Amino acid sequence: MRQLLTFIRKEFLHVFRDRKTLLMLFGLPIAQIVLFGFALSNEIKNSSIAIVDYSKDATTTNIIGKIAASNYFDIQRSLASADQLQSAFKKGNIKMAVIFPANFGSDLEHTGRSTIQVIADASDPNQATTITNYLDQVINDYNAGLAKTTGQSMQILPETQLLYNPELRGAPNFVPGVMALVLMLVCTMMTSVSIVKEKELGTMEILLVSPFKPIYIIISKLAPNLLISILNLFIILILSYAFLDLPVKGSLLLLVSCSILFILTSLSIGLLLSINAKTQQAAMMGSLMGMMLPTMLLTGFLFPIENMPLLLQWLSNIVPSRWYFIIVKRVMLKGLGPASVWKETLILTGMCLLLFAISLRKFKIRLQ
Amino acid sequence: MRTLFFLLEKEFRQILRNRQIISTLLIAPLIQLILLPLAADYSVKNISLVVVDNDHSPFSQRLIGKITASGHFRLTGYTASYAQALQLVEQDKADIALQIPIHFERDLVRENTKQLYMAINAIEGTKANLGGAYLSSIIRDYNSDIRLRWQSAPSTPPQPEAPPQVTTAASNWYNPLLNFKLYMVPAILVVLVTAMAAMQSAFNIVQEKENGTIEQINVTPIKKHWFILGKMIPFLVLGIILFSLGLLVGWIVYGIVPVGNLLVLYTSLIVYLFAMLGLGLLIATYSATQVQAMSLAFFFINIFNMMSGVFTAVDSMPDWAQAIVSTFPPSHFIKIMRMVVLKGSGLTDIVYPLTAMAIIGLFLNTWAVLNYRKTS
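Top line first, the protein sequences correspond to chains H and L.
According to the working numbering, the stretch in the first sequence is residues 37 to 404, in order.
According to the working numbering, the stretch in the second sequence is residues 14 to 389, in order.
If we strip away everything but chain H, and leave its shape as in the complex, we get:
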């Protein structure tokens, strides 16, 4: 036992001596929470649009005024002709063009119907869909105004309530995502590199020939990263409470214990990566290239998992952060209790035990 404590102390010294790395390890979550929390938003507003008005009558002026008044749109300019649209789209200056044909107002008056042509830059499909819909809403309001004077019949008035996140802020979705991402990557990367480093520098041989048990080597390697990750977890929780107005709605104890479970799972993955990598560079690239994008995409915080092809949905089941993300969302944002997350917790526990068992078995006590 004293042996183990000495080794853990050695590992801690290694970690704490490297100030630059330590700074990064703590700086990353702080920067991410602050930047993502304040900057990322799913709300689409102030989209630049161009208006081409061939009619220039009272009706079009009125509608343009209504478009300008909504804070969804930012009328970049009024073009004289639709020929200029192509180049404006290509420069990326505008996201949408609204074209009023000639005789718009008089057509509306005499035939009771006029059509506005709307062209959206669909290179970003979602933005195109959303802003086209916003415009439809503005036009719909305008129609309702017209109808008031003549008496519109059968008006359905939808009332929408946005649950949990009424301002559509990015933070409620991104904070759990960042937690999963940061904990996962810090644990896997730092663990795998710290073991491979000993191999590369040749000091692993010294450890292996000593009477020190291999399991102790593993434990002492994992301990500092476990501590750093737990500290990171608390930093993230405090920051999101203080700055992003996102308190832990459910039980803190439940959230922390699930997080520790997730951290242990990630540490085991790091251990597994270190077994096959020969150089630090390979270990880093393995965890960076192999883990980062899949974690980002398959966790479900950027893209809905149910939209993915079946193969990827299946694949996402073996990504631990996916389950952790669900737990954080339920416990932290919705304030649900253990009854709602027992399944996810069980899956994480299973993964953790399995991964740890595999890496323990495969941990080589000989170098060649």
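Calculated from the structure, these hints are not laboratory results.
All figures in this text were calculated on a predicted structure; none of them were measured in a lab.
Please note that the accuracy of each hint is not assured.
Said to hold, decoys possible - Pair ranges (Cβ atoms, derived):
#, chain 1, residue 1, chain 2, residue 2, range
1, H, K46, L, I265, 31 to 41 Å
2, L, F25, H, D119, 29 to 39 Å
3, L, V272, H, F279, 41 to 51 Å
Claimed, not checked - Straight line, CA to CA, 27 Å or less: simulated DSS-like cross-link-like pairs of lysine-lysine:
#, chain 1, residue 1, chain 2, residue 2
4, L, K106, H, K379
5, H, K314, H, K249
6, L, K23, L, K236
7, L, K23, H, K233
8, H, K56, L, K222
9, H, K56, H, K46
10, L, K222, H, K314
11, L, K23, H, K370
12, L, K106, H, K285
13, L, K194, H, K127
14, H, K56, L, K194
15, H, K235, L, K23
16, L, K23, H, K314
17, L, K23, H, K81
18, H, K235, L, K79
19, L, K194, L, K222
20, H, K46, L, K222
21, L, K222, L, K237
22, H, K233, L, K222
Idealized CB from N, CA, C, for every residue including glycine.
Given the structure of chain H, go ahead and fit chain L onto it with the hints provided.
Relative to the frame of chain H, chain L by itself:
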């Protein structure tokens, strides 16, 4: 000049000798490029909906039918009360709860207006945004539908003349089918090139530092700039190769052919790689060990990935954040990629992002070269 030649020969040999590196540098990114766009599908088509139908009238039936027929929504089920529906939303079993109030049909006919209630789980902002948008546009359609039917039905008393109406005809340029992969593949390719080329150059230099072999080069008369060029050019070449393979994968797997000029694309790529290799070099000059270089690189890559507009639009960020993002080279290159690949923008259209990248690149490289010391 001959010095550079020898240095390049050394670097290429070292890189090509290490099979593990080659596979992580080229093969892993390409596999990701094939798989990940499949995952990055934002086109919302499976929004699950729970309905509380308190009216049970032909009107409410027709509305539900119209919503499910749209293809965007999947009906999870009906519940008897709104509270139960909200519970389903809480358990993530439904994204939207729609309540059709009692006397929906009667009040619409008699009083001409009636409310509909929907509650949307807004934690996933995009889904909420689009889901709400789709649902309200379906309700609008439905509204004019029933109005027409009612007015044209022979049994109804003659209605006042229909009010004038403005309609919109929308068309989607550059991506008429709203194919989300067209949008994602170019950006994911940029992410992969960034992680590969720029960060590898940092690791490579720091590796020589850590192994002590850099000392051997420092004591030779090799000039600082030759050494730096010798380190950068191989990764520039690798970056171009990876990019070209990526374009090829995009064409074969996803049928994406750049609309714009390839020359414009490659010019931008070289400017971009120049900037990112400069960042790699800068990281290398500030770190003594590979772990330090990695954690620095990881810091930047992570923030670049999230903030550069790959996943969420830069336009909807607050001004201060947009100002920060404009100093990130990837944000400009992603913009250029999407413009050139999808819209066929030419050199004159991308002058601004291209110059921005060049200036950032010049700044980073100057800083790195000034900070690089042959003596420790």
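Hints and how they fare:
no. : hint                         : in the structure
1   : H:K46 to L:I265: 31 to 41 Å  : 51 Å, violated
2   : L:F25 to H:D119: 29 to 39 Å  : 51 Å, violated
3   : L:V272 to H:F279: 41 to 51 Å : 43 Å, holds
4   : L:K106 to H:K379             : 15 Å, holds
5   : H:K314 to H:K249             : 22 Å, holds
6   : L:K23 to L:K236              : 16 Å, holds
7   : L:K23 to H:K233              : 24 Å, holds
8   : H:K56 to L:K222              : 16 Å, holds
9   : H:K56 to H:K46               : 18 Å, holds
10  : L:K222 to H:K314             : 18 Å, holds
11  : L:K23 to H:K370              : 58 Å, violated
12  : L:K106 to H:K285             : 20 Å, holds
13  : L:K194 to H:K127             : 21 Å, holds
14  : H:K56 to L:K194              : 39 Å, violated
15  : H:K235 to L:K23              : 25 Å, holds
16  : L:K23 to H:K314              : 22 Å, holds
17  : L:K23 to H:K81               : 53 Å, violated
18  : H:K235 to L:K79              : 64 Å, violated
19  : L:K194 to L:K222             : 42 Å, violated
20  : H:K46 to L:K222              : 24 Å, holds
21  : L:K222 to L:K237             : 15 Å, holds
22  : H:K233 to L:K222             : 14 Å, holds
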